[in-house]
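Asks: Sequence:
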Amino acid sequence: MSNTPQSSASNFIRSIIEVDIASGKHANIITRFPPEPNGYLHIGHAKSICLNFGLAQDYQGRCNLRFDDTNPEKESQEYARSIQDDVHWLGFQWDGEVRWASDYFEQLYRFAIELIEKGLAYVDDLTPEQMREYRGTLTQAGKSSPSRELSVIENLDLFARMRAGEFADGSRVLRAKIDMASSNMNLRDPVIYRIRRAHHIRTGDAWCIYPMYDYTHCISDALEGITHSLCTLEFEDHRPLYDWVLDNLSIDCHPRQYEFSRLELHYTITSKRKLLQLVNDKHVSGWDDPRMPTVSGMRRRGYTPDSIREFAKRIGVSKSNNTVDVGVLEGCVREDLEMKAPRVMAVVNPLKVVVTNFIEGQTVSRMASYHPQHPEFGERLVPLGKEIWIEADDFSENPPVGWQRLAIGGEVRLRYSYVLRCDYVVKDALGKVVELRCSIDQDTLGKNPIGRKVKGVIHWLAIEHALPAEIRLYDRLFTVPEPDVDKDVDFCTYLNQQSLQVVDGWVEAAVSEAAPETHYQFERIGYFCTDRYEHQPGKKIILNRTVALKDSWAKE
RNA sequence: UGGGGAGUCGCCAAGUGGUAAGGCAACGGGUUUUGAUCCCGUCAUCCGUAGGUUCGAUCCCUACCUCCUCAGCCA
888 MSNTPQSSAS NFIRSIIEVD IASGKHANII TRFPPEPNGY LHIGHAKSIC LNFGLAQDYQ
948 GRCNLRFDDT NPEKESQEYA RSIQDDVHWL GFQWDGEVRW ASDYFEQLYR FAIELIEKGL
1008 AYVDDLTPEQ MREYRGTLTQ AGKSSPSREL SVIENLDLFA RMRAGEFADG SRVLRAKIDM
1068 ASSNMNLRDP VIYRIRRAHH IRTGDAWCIY PMYDYTHCIS DALEGITHSL CTLEFEDHRP
1128 LYDWVLDNLS IDCHPRQYEF SRLELHYTIT SKRKLLQLVN DKHVSGWDDP RMPTVSGMRR
1188 RGYTPDSIRE FAKRIGVSKS NNTVDVGVLE GCVREDLEMK APRVMAVVNP LKVVVTNFIE
1248 GQTVSRMASY HPQHPEFGER LVPLGKEIWI EADDFSENPP VGWQRLAIGG EVRLRYSYVL
1308 RCDYVVKDAL GKVVELRCSI DQDTLGKNPI GRKVKGVIHW LAIEHALPAE IRLYDRLFTV
1368 PEPDVDKDVD FCTYLNQQSL QVVDGWVEAA VSEAAPETHY QFERIGYFCT DRYEHQPGKK
1428 IILNRTVALK DSWAKE
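Quick note: the first sequence uses my numbering, first residue 888, plus one each step.
Read the hints as simulated data drawn from the structure, not as lab findings. Hints should not be assumed to be uniformly reliable.
Here are the computed lysine-lysine pairs in the DSBU-like style, where the Cα-Cα straight-line distance is at most 35 Å [what the hints assert, rightly or not]:
id: 1; residue 1: K1427; residue 2: K1319
id: 2; residue 1: K1314; residue 2: K1239
id: 3; residue 1: K1342; residue 2: K1374
id: 4; residue 1: K1426; residue 2: K1273
id: 5; residue 1: K1227; residue 2: K1239
id: 6; residue 1: K1437; residue 2: K1161
id: 7; residue 1: K1005; residue 2: K1030
id: 8; residue 1: K1239; residue 2: K1334
id: 9; residue 1: K1319; residue 2: K1239
id: 10; residue 1: K1200; residue 2: K1030
id: 11; residue 1: K1374; residue 2: K1273
id: 12; residue 1: K1200; residue 2: K912
With beta-carbon atoms standing in for the labels, derived distance ranges [claimed, not checked]:
id: 13; residue 1: D1134; residue 2: K1437; range: 50 to 56 Å
id: 14; residue 1: G1318; residue 2: W976; range: 46 to 52 Å
id: 15; residue 1: N1071; residue 2: H1153; range: 31 to 37 Å
id: 16; residue 1: D1139; residue 2: K1169; range: 49 to 55 Å
id: 17; residue 1: S897; residue 2: V1039; range: 46 to 52 Å
id: 18; residue 1: G1318; residue 2: S1148; range: 51 to 57 Å
id: 19; residue 1: G1057; residue 2: E984; range: 30 to 36 Å
id: 20; residue 1: G1173; residue 2: R1253; range: 39 to 45 Å
id: 21; residue 1: G1318; residue 2: L1268; range: 35 to 41 Å
id: 22; residue 1: S1148; residue 2: P1262; range: 43 to 49 Å
id: 23; residue 1: S897; residue 2: D1134; range: 28 to 34 Å
Since the structure is predicted, the reported quantities are computational estimates derived from the model, not experimental observations. Every residue, glycine too, gets a C-beta built ideally from N, C-alpha and C.
All chains, please: the whole structure from these sequences, using the hints.
Replies: This is the structure:
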């Protein structure tokens, strides 16, 4: 009997867990999601969140949220808050309270003393430059620092004085004494504590020494009883150090670290440093700009938690480098919104049409369903009028072969209304089409015309009843698939100047009172979402385009 | 030219000594008052390359090739 839920694909981590459960090594698994609060979460983190929390759910285990807050200079409460919000929004709940690596500072300190007492750590006063020199290179062994031979007594004293603030920032470090000749650079006596007088978001000014990631992470995992510590591939080389620390300390728990490949997406970047640069340099409005690959940006854009979780499921987990096309992500939202978003009509690029034979009080309006497959979504009246807006793109003076939209002398179905014929085109002095004079076939409401077939259907809005709306159309943020592949070229040079287009469009009155973050499908156009922050129900309608509808005509 | 990883369809990704899952995309057809959705069908004689072991290898062995990664007092 397998523990694998049918909904989740097999992957190497699940295989390991299943073996561990089957062998009795673990009765319950405990995972953790360990972000550093130094930026907002992005789609790559979402993959990790879905993995860690998903595993815990599927195997009846637990998953902790633990902040790796060991570098006070870059961390903030704002980031920590946003991260918690994002995890919740994605649909996950961590086990118990939020954990902080800083909660373990005292224990970490005592373990460091244990290491010193065992002769496995020493205080060094080499400058950063010297340390780099002493470290050697990939092909040459490093050499020992003079401090490597300090006695336990001396090290104990020095380390205590480091904590007491007797030394200047950066003047001394505590190093693990492992092997300066190791072919693994991480084992060449890595620094495990440095002196930094920085205000910490949790511990304030209580400490002037801070533990390094490699030293902190494994111990934090062990203290929390983590069974499977999952991280990305670049930490593979750190695993021997992870194990070394735990093997040499009196901790009876030794979590196992497993690495999986990080997610790469075409036309976007997933580097917190670079995302921060986009924010700082004002290339975007903030971390939650709808063009950002951040969780909060995608949320604002209109992505749903379900769609992101589905995405994580589709891309899978492995150890091979992979680059996923954004089309996969888009496919996930379309699929989710297809069944969840009510349909409504909107005109993004309006062209005025005068229905010449519209007869007030006689020409009828129909009710329209909010969802073709879900009558429970309800319906509303879509009023027709003498003057209507249609999409400028739905009319062509010189229609190409296969054109199913409006053309001079041609007919088209007005969605939920009559069949419309274009009789006359009004142009301005420059020859630009500014208005269409059309007539409807009075006998086509709710039924097809007799003797001829009208294939095309277009959306429209009665001018009298349409509501003005600010519509934000987003395109990819970068013009090339891999903006940051070339180290010599600033990725900002590949910014897509047309990534945001704000247009004044029109929407059905039904949208008027929509709350922020309401999803809609604008028929024939795409999925849109009322802006989380700026949309004001009943006052200012602001919609963000989440993703366009698939368009097999546009491809031709 | 040190260490650690990875190479299976356009993109992800299972799999395993017994003759290549699935998803996305793509393509063909059907339904449709969204050129959407939905439905049906097609889509790797082949698993980086070359040898070897075997009745039989993508899975085992050998060599090679390619890509990623490591020299922060970042995580």
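Asks: Taking the hints in turn, state whether each one holds.
Replies: Here's how the hints hold up against the structure:
With a CA separation close to 31 Å, the supplied pair K1427 and K1319 stays within the 35 Å bound. Restraint check for K1314 and K1239: satisfied, since their Cα atoms lie roughly 11 Å apart, inside the 35 Å limit. Distance hint between K1342 and K1374 is unfulfilled; the C-alpha atoms sit about 52 Å from each other, more than 35 Å. A threshold of 35 Å between alpha carbons decides the hint, and for K1426 with K1273 the separation of about 26 Å falls inside it, so the pair holds.
Proximity of K1227 to K1239 is assessed by CA-CA distance (about 31 Å); at most 35 Å being required, the pair is judged to hold. Our distance criterion of 35 Å between C-alpha atoms is met by K1437 and K1161, whose separation comes to about 31 Å. Of the supplied pair hints, the one linking K1005 and K1030 holds, its CA atoms being roughly 21 Å apart against a limit of 35 Å. Distance check on the hinted pair: K1239 and K1334 sit about 25 Å apart at the alpha-carbon level, within 35 Å; holds.
Using a Cα cut-off of 35 Å, the hinted pair K1319 and K1239 holds, with the two alpha carbons roughly 13 Å apart. Proposed proximity of K1200 and K1030 is contradicted: the alpha carbons are some 47 Å apart, above 35 Å. Note on K1374 and K1273: the hinted pairing is violated, with a Cα-Cα distance of about 59 Å set against a maximum of 35 Å. For the proposed pair K1200 and K912, the alpha carbon gap of about 27 Å is at most 35 Å, so the pair holds.
Distance hint for D1134 and K1437: a CB-CB separation of about 54 Å, consistent with the stated range 50 to 56 Å. The hinted window of 46 to 52 Å between G1318 and W976 holds, with their beta carbons roughly 51 Å apart. As the Cβ distance of N1071 to H1153 is approximately 33 Å, the hint placing it in 31 to 37 Å holds. A hinted range of 49 to 55 Å for the beta carbons of D1139 and K1169 is consistent with their spacing of about 51 Å.
For S897 paired with V1039, a C-beta distance near 50 Å keeps the hint of 46 to 52 Å intact. One distance hint, 51 to 57 Å for the beta-carbon pair G1318 and S1148, holds here, with the actual separation near 56 Å. Separation of G1057 from E984 is about 34 Å and conforms to the stated range, judged on CB atoms against 30 to 36 Å. At roughly 43 Å, the beta carbons of G1173 and R1253 sit within the given window of 39 to 45 Å.
Checked against the given bound of 35 to 41 Å, the beta carbons of G1318 and L1268, roughly 38 Å apart, stay inside it. The hinted window of 43 to 49 Å between S1148 and P1262 holds, with their beta carbons roughly 45 Å apart. Remark: the range hint 28 to 34 Å for S897 to D1134 is upheld by a beta-carbon distance near 31 Å.
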